[in-house]
Structures are given as C-alpha cells and as structure tokens.
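Undergrad: This is what each chain is made of:
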Amino acid sequence: MSQGERSSGRRQPVIVLGTIGHDAHIVGSSVVRFALEEAGFKVVFLGAVVPPEEFIAAAKESAADAILVSSLYGMARIDCADFGAKCEEAGIGHVRLYLGGILVTDPEEWPETEALFRSYGFHRVYPPQTKPNVAIADLKSDLGLTA
Amino acid sequence: MELAIAVDFGSTFTKGAAFDVTSGKLLGVAYQPSTVESDIRIGLRAVLDQLQSGIRHPIAGAPTHVCSSAAGGLRMVVIGLVPSLSLEAAQRAALGAGAKIIGAFGHKLPPMVLRQIEAANPDLILLAGGIDGGDEATIQHNARMLAESAVKAPIIVAGNYSISGECHQLLVEHGKAGLLAPNILPEIDRIEIDKVHATIRDLFVRHITRAKGIDQVVNEVRLIGEIIPTPSAVLAACQLLSDGANGRKGWGDIVIADIGGATTDIHSAATGAPTRPGAIPRGLPELFLKRTVEGDLGMRANAATIVERAGAAHVVALASSLANETISEVQLRSYVERLGTNSNYVPSGDTESAMDAGLAHAAICIAMQRHAGKLREVFTASGAALLQYGKDLSNVATVIGVGGVLARGRHARFALQGVVGSKADGSLCPTKPRFLIDRSYILYAIGLIAATNGAAAFDLAETLLTEAQ
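Note that the protein sequences, when read in sequence, are chains A and B.
Count the first sequence with the working numbering and you get residues 1 to 147, in order.
Count the second sequence with the working numbering and you get residues 1 to 469, in order.
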C-alpha cells in the first residue's frame, strides 16, 4: 500500500498517468510509472487506450497535481486537441499537463510540434527518447517540490 | 422433519413459505394483504395461520427468516464526486445492499439539492468522494451541507480516508447520525464495498426496520438471523445458485430478471471477464454480484415508458408475433393507458396476453442491455482493438425469470427471451442460456434460508424453478 501522508505531513503529490486515445502502447507509460513512484509521487495509473475524459475524471477524483499523457502512435494531434480547454471546462484548469512519446509521424520540426501541443494546453511537451528523470525534474520544479 | 419459515413483508402483500429443511421440500406458501401501514403483526399472523392450515406439524416456534421491502424498502440517497467514478461506486454499493436509490448526486452539492434530499426524506445517505489521498474539497463541502441541513437520515461516510474522519465528526457535532466506513473507491480502479454493506445491513436492522415497525416481528416468531432488505435475499439466492452448496454443484454464471409493476431489476452472479480474446476491460472494475434497477421499466405504472423506450412499432411486432392477428398501435396504446391507471390489472384474452408478453420482452431486453457490458471496436496503429465496458455475460448458463407476467402470463419463455437482446449495439447479454421461471415466487425464501441451510435451499431451487414454457 502506498497510501498515506509522507512524514513531512505534506500531501503526497498525485499524478494521473496513461496512454491516450486508441493507443495500446503500455510499456512506455509503465516505465514512467515506476520512475514516478520511485521519486515519491502517488501515481493514478490508467493504463493504455484511455479516452481524454477518463484522464479528466480520474484527475478530479484524485485531486491530481499533474496529468502525464503518453502517446506513441502518431495520432496525438487528434487525441490531444483542446485537452487543456477540456480540463478548464471540468474545473481542473489548475492541473499541470505533460505530454510525451512519438506525437506525430510526419517529419516536421520539433519546435512546430511543441508549439502545436502547447496550444492544446500542455505545459510541457517532450520529444521522442526523453528520459523519465527529465520530466520528473520538471514536475518537481513546477509543483514547487524542490528544496 | 425440520421446519423453517421464510416471510417477506412487501408493500402490497405479506408472503410466507414453509419448508422441511431435512428433505428440502416446500410444505406450503401463503399470501396475505400487507398490513405494514397499520400493524405488521396482523398480516404476519394471517400468513402463519394460512401456512398452518396446510401443514399437520405445528409451525409455532419454527425458525423464521424475514426480509422486507415494505414502506418503500431501503430508500437511499447516494452522493459522490465524479459521476463515472465515486458516484457510480456509491450507486453500485447501495444497489448491492438491496437499496432503492431515490437520488444520486455528484460534485459539490448546491443548496437546491439539499432541499431536494430533505423533501425526499431518505432512510439512509451514503456520502463518498475522492480516492484515498485524492480529492478532499468536495466531500468536505458536501458533509458541511448535510451537517447544516435538516436531513434526518443516518449518513455513512465512505470517501477519501484522509478526510472522511473529519467529515464524520462534523456530522456528529451537528447532531446527525454519522457512521464511518472505509472508502468505497480507495483507488481509481478498486471498489471496496463489503464494509459499507455490513454498515448498511446493521443500520437497516437497528434503525430502519424499527422506524417502520417491522421489528415487531421478533415478538411473534423465532427470528433467525437479521431482517434484511428483500433484494438482498434475492442476491443471496443468486450467489447460492451460482456457487452450489454442500457437494451440490452450482449453476455457474446466472442472471435473474425480476419484472414488476414499476421496475425491472436485473441481478447477475458472474465475474463478467472478457470472453472475446484480446478484449481490454475499461471503466470501474465489476463486482461478482451485481444488481441494477430500472425505474422507468415496469409492467403497469411504467408500461407507457416501455413503449416509449422500445418504440411502439417494435412492441406491436413482438405482440403480433404471438397473437393470431395483427395488433395495431392504437390497440397497444389504449391497453398501456389502462395498465398505467390499474396496477392490479390482469390481462384477459389472447390479444392482451400477447401485448403483456411483448411489453415484458421489450422491458427485459432494455434492462438487460443496461445491466450488461458493451464491446467497442477501435482502430489502433497496430490494428483493431476491442474495449470492454462492464460485464461480459454472453456465457451465462442460466436465466431465471421472476414476476407476475412470467409466473402467470401465457408466453413466459418469449418474454424472458428478451435477455438475449440484439447484438447490434455490442451488448454482452446472455446468448444461449436455459430459461427458468420462479412460478411460486420463492426466490426470496431460497435466499433467506441459504444462510443456514444452503443444501436445502439449493434442492428447493432445483425443484421449484422450472423450465420456461
């Protein structure tokens, strides 16, 4: 059981994590899950083939601090459109949104891809091959968890 | 010879059944008008007298098991956060405990909803919200709203464990009968309802049966076990028949369809695990014993909504296939109108019997489709994938039908075949079950005596539940 407060008395930060859309790739998000748990986060893991509204429902129920979305099949453009706006509408506009994986299949420049997904409301967008510790460091700094 | 008696206090009838638990035989059944509004003992004594008149052995002092759905049954309001998560878990917990849900509310409750709850005057409130370590603000807000309301019902707090204790304390400080139970949704993919069920059962015995005068029964008979809600007795029967007892092999996956005047209830005893290779289960995990209640589908008060939901043309086609004539939509509508105003109406003649069976088939079909899970095919980069929402009941071996239209109607088998439904929408309804009918309305009694005499209860079911004709 990983439930419980940490000794500091501060609520354990909660992260909702899963692979979005019709994407069945679960290995990448599983790796991220273990890295997050190792780093002291409480992870609400949704697995693969998760519709956007399930991320939002789980984030509401768990009062998540951040949502980490994985997409490895090149369809993130469709699945992630207006994700931030949907969160806003659901009353969780304060939740930090992170996205990573193989987001698009066409060979466009990374800055364009990044800009596109930032326009969908994601605070941080990671290119292929990003290591989990990069995102974890960002999370810690974004959530004010660094000493 | 060892006698056992089962009694069901209903809203319209008090029913009784006497058994010899040594031989597993039914000795007699009794029906008397309900006297719950005045003094339940009058109806109870009449039932016992009627039973005694058919049995040579004296029944006074025989062990008696009791259930009740009288005075509205166990009327519950459930409160959660996200409708598809903690609120859904709360509804399943309440239905599984045999309750009738008279209100289900998610998110932070506005004052208007509190006024609604006060007016509805439920027997019990279940307050959930937040996984453990998750959202605290919503359940806290809702506890405060309840604390400051005029609500009189006991309130079970079963949400986020970090804050549930505080919510419970707040309620108690405001003079509410608060009870603390473990979170029904401790994690996003785990439902825990056993402790909440125990708390509900306990409240039902200590408060609700007393408030409704049903506890009087203890002075009249040798009560065995506790008085439970009638739907809990039916669920207990469902479990027994699925599991088997004492060397008797169970029937495996089971569905019970209970069609009444106002509602259609479906019970299933099945894991509901995918039978289609590669199907990925999604949504909240399912409970082995599941009960759903359709408040818009019933043979009398809600006959008109059956026609509305299924479509008049469809019901007319079903009915016409049974009658040796073409029934018109006008005929159906005028019949349904009559049913709506006369809850005790008994169909007469071929045409009305056919229309009754058509209505029942359609209602059972819709209720079963709502109860069963659904498959959805999606196309991924690596080919098609199947997502399963809810229980896969396609391999259910036995379907048992309960209700007047099935027990006494002319086309019971046809009506009950509604469970097979149409596969068009990807519903995972039973496909090739055998169809049994509870002709003597005995399922509640089987569930009641299962607790102490599993083998006898199972033998009774084997003889009394008979093949649908």
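Derived from the structure by calculation, the hints contain no laboratory data.
Where hints are given, some of them may not hold.
On the chain A side, residues computed to face chain B include the following (Cβ under 7 Å) [unchecked claim]: (1) Ala24; (2) Ala58; (3) Thr113.
Covered by chain B, according to a simulated footprint, are these stretches of chain A (three or more residues, beta-carbon under 8 Å) [stated by the list, open to error]: (4) 11-19; (5) 60-74; (6) 137-143.
Every value quoted in this text rests on a predicted model; they were computed, and no experiment measured them.
Each residue gets a CB set at the ideal place from its N, CA and C atoms; glycine is no exception.
Undergrad: State for each hint whether it applies.
TA: Hint check results:
Hint status for alanine 24(A) relative to chain B: holds, with the closest Cβ pair at about 5 Å, below 7 Å. Hint on alanine 58(A) holds. Least Cβ distance to chain B is approximately 5 Å, under the 7 Å limit. Residue-level restraint check for threonine 113(A) is violated (minimum Cβ-Cβ distance to chain B is 18 Å; threshold 7 Å). Counting residues of the stretch 11-19 of chain A whose CB falls under 8 Å from any CB of chain B gives 3; the rule of at least 3 is met.
Residue count for the stretch 60-74 of chain A with a Cβ under 8 Å from a Cβ of chain B: 7. That meets the three needed, and the coverage hint holds. Coverage of a stretch by a chain is defined here by at least three residues with a beta carbon nearer than 8 Å to that chain's beta carbons; for the stretch 137-143 of chain A and chain B the count is 0, and the condition is violated.
The structure fails hints 3 and 6 (numbered hints given earlier, in ascending order).
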